[in-house]
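Student: Using the sequences and the hints given, assemble the complete structure.
First residue of the sequence shown? That's 1 in the numbering used here, and the numbers climb one at a time after it.
Among the clues, some could well be false.
[Stated by the list, open to error] In silico BS3-like cross-links for lysine-lysine, where the CA-CA straight-line distance does not exceed 30 angstroms:
#1 Lys-35 - Lys-85
#2 Lys-35 - Lys-80
#3 Lys-28 - Lys-85
#4 Lys-28 - Lys-80
#5 Lys-63 - Lys-80
Bear in mind the hints are in silico, worked out from the structure with no lab data behind them.
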Amino acid sequence: MATAQRAMETGAWAETASGPDAAESILKTVDETTKGTTGVSLFHILTFGSIGASVALYLAGRKSAAVFVGLWPPTFQALKSVVDKNARRG
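Tutor: Below, the structure written as structure tokens:
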């Protein structure tokens, strides 16, 4: 949340929010800001966080929720792949 807020405060959010790929530009900006702050990609943080949440839910006996959350990591990695691919292209 703080990363998105920082992007909005610096004006990066407004700069990237125009054009046909606004969501992708915003994801790229937030990912770059997160990398600059933590040294780790936002998508990797989300991937490991969802794996941890899935394990915690499973151990808490909420197996359906654990499976649901456990399906998120491939989505985060696919988003990272798209953002990285288009960053190299453009």
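Student: Each hint: holds or not?
Tutor: Going through the hints against the structure:
{"no.": "1", "hint": "Lys-35 - Lys-85", "in the structure": "holds (17 angstroms)"}
{"no.": "2", "hint": "Lys-35 - Lys-80", "in the structure": "holds (13 angstroms)"}
{"no.": "3", "hint": "Lys-28 - Lys-85", "in the structure": "holds (11 angstroms)"}
{"no.": "4", "hint": "Lys-28 - Lys-80", "in the structure": "holds (9 angstroms)"}
{"no.": "5", "hint": "Lys-63 - Lys-80", "in the structure": "holds (27 angstroms)"}
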